[in-house]
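Number of protein chains: 2
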Amino acid sequence: MKNKLVIFAVDDHPIFLKGLIEILQDELTEASIYGFNFPFEALEKAEKLKPNVAVLDLDMPKMNGIVLSKELKNIDPNIKIIMLTMHKEPDIIRSVISKGLDAFVFKDDAVNELSKAIKNVLMDNIYISNPQILNQTKEKSEILASLTKTECKILIFIAENKTSNEIANLLSVSIKTIQNHRNNISKKLQLKGSNSLLKFAISNKEWL
Amino acid sequence: MKNKLVIFAVDDHPIFLKGLIEILQDELTEASIYGFNFPFEALEKAEKLKPNVAVLDLDMPKMNGIVLSKELKNIDPNIKIIMLTMHKEPDIIRSVISKGLDAFVFKDDAVNELSKAIKNVLMDNIYISNPQILNQTKEKSEILASLTKTECKILIFIAENKTSNEIANLLSVSIKTIQNHRNNISKKLQLKGSNSLLKFAISNKEWL
DNA sequence: ATAGAAATAGGTATTGTTACTTAAATTTAT
DNA sequence: ATAAATTTAAGTAACAATACCTATTTCTAT
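Note that the protein sequences, when read in sequence, are chains A and B.
Everything in the first sequence is counted per this note's numbering, starting at 15 for the first residue and increasing by one.
Everything in the second sequence is counted per this note's numbering, starting at 15 for the first residue and increasing by one.
Keep in mind that the hints were calculated from the coordinates and are not lab data.
Each hint should be verified, as a subset may be incorrect.
Taking beta-carbon pairs under 8 Å as the criterion, some of the chain B residues facing chain A (in silico) [as the list claims (entries may be wrong)]:
{"no.": "1", "residue": "Glu36"}
{"no.": "2", "residue": "Gln39"}
{"no.": "3", "residue": "Val125"}
{"no.": "4", "residue": "Leu212"}
Ranges of calculated distance between the beta carbons of each label pair, as one might list FRET restraints [to be verified]:
{"no.": "5", "chain 1": "B", "residue 1": "Lys133", "chain 2": "A", "residue 2": "Glu180", "range": "12 to 22 Å"}
{"no.": "6", "chain 1": "B", "residue 1": "Lys130", "chain 2": "A", "residue 2": "Glu180", "range": "25 to 35 Å"}
{"no.": "7", "chain 1": "B", "residue 1": "Ser217", "chain 2": "A", "residue 2": "Gly207", "range": "14 to 24 Å"}
{"no.": "8", "chain 1": "B", "residue 1": "Ile189", "chain 2": "A", "residue 2": "Gln193", "range": "55 to 65 Å"}
{"no.": "9", "chain 1": "A", "residue 1": "Asn183", "chain 2": "B", "residue 2": "Glu55", "range": "48 to 58 Å"}
The beta carbon of each residue, even a glycine, is placed where N, CA and C say it ideally should be.
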């Protein structure tokens, strides 16, 4: 006779968490489901309750799903992590997926995909709902990864509303150096036209 | 003996909707709760089911909560609308609040505030959870509201990555006219510096 | 040690945005 | 009808970003 399955669900939105617990309970009637609105609550209870699976929201204030997953794996490396997200951008997913998760499920698909994900991670499989999304624009994220350290630093400054002049002063280099970097970044990202780099930086500032 | 209360809940996220229905059912055991993932489904059923209250998500693809609320009021002006949102920015809330809603509840507060909101709207009161948020930065939204029609139109074009030249061609006016409007908008919004208007437009594009 | 990558910085030109001015035509409201 | 607001558009100037180019120094890995 095997032990009762213990599942953690962590999401900062109370209503979403309520729905999440409902779904898990519906699908896994024999499991114990614990819901937490705050990541630190889940961490506090993890040692005592010894969860087998943790279903985490990626986007949470203060401690996001990635950080929380690392903390949980610290407590017990056998805890299986299922990451939930609303984001559908391949770039974001790719940047997150390489950090030791066991499953990745999109919130829109969660009703159908969560039980599959749980079954798979318990068999030590890695599960990704909607994997075809990842094949759509492989190039872009690879190009983003091709940016050098300095180029990344400058792109972050651009996203922070800094002009080339301001960045040059902050880094104590010539404005021509910054302009040159901007050009190289634009070429790598295949951006053209007026303020295209600024628009890109602002739109993607969360993921630099 | 009064009729049974009929409540609609509309949210594009299945899990959130599930949680929402749970809360409503918990709080109002005697009511009939109908949940819809898609606004058009709610519209289709509204004539037959004659809801007294509709709890709507503000941010939905294709048809947002404002549009849906107008359609529902078209079917029956007596339907009370409770708008749910995640946004906490006073600007956004102020721009939405003046469109004939009966209640405004923040998603984070929804567990506690929803039943209060329903009771109030049924008594023909207007209910706002967390009204103190609105008093924080009154000025900015008032300035935003001070924009004229043409200024708004141009701001939307700017947010759509259009240059002054492109906007001038689209509207068949001189580029100097567009530049002049840009200046007037910047002055009204108290924006200064390089590309400040573009940055503002991109950051606020959802609420123009 | 040396080749390759990265960071530095200069030139030159075009285009776009900001910031100010004035002013006429048109629309809107009282 | 008249005043006020809005839209239109001109001039001028400075600053910023894009889009090319070349070239030197510095770091990095084999």
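Tested hints:
About 5 Å separates the beta-carbon of Glu36 of chain B from the nearest beta-carbon of chain A, less than 8 Å, and the hint is met. Interface hint at Gln39 of chain B: violated, since its Cβ lies 11 Å from the closest Cβ of chain A, which is beyond the 8 Å cut-off. At about 5 Å, the closest approach between the beta carbon of Val125 of chain B and any beta carbon in chain A falls short of 8 Å, and the interface hint on this residue holds. The closest approach between the C-beta of Leu212 of chain B and any C-beta of chain A is roughly 6 Å, which is under the 8 Å cut-off, so the hint is satisfied.
Range check, Lys133 of chain B to Glu180 of chain A: Cβ separation about 53 Å, and the 12 to 22 Å hint is violated. Taking 25 to 35 Å as the suggested C-beta distance range, the pair Lys130 of chain B and Glu180 of chain A does not conform, at roughly 48 Å. Taking 14 to 24 Å as the suggested C-beta distance range, the pair Ser217 of chain B and Gly207 of chain A conforms, at roughly 20 Å. In this structure, Ile189 of chain B and Gln193 of chain A break the distance hint of 55 to 65 Å, their C-beta atoms being roughly 25 Å apart.
At roughly 56 Å, the beta-carbon separation of Asn183 of chain A and Glu55 of chain B lies within the given 48 to 58 Å, and the hint holds.
Checked against the numbered hints listed earlier, the structure breaks hints 2, 5, 6, 8; every other hint is satisfied.
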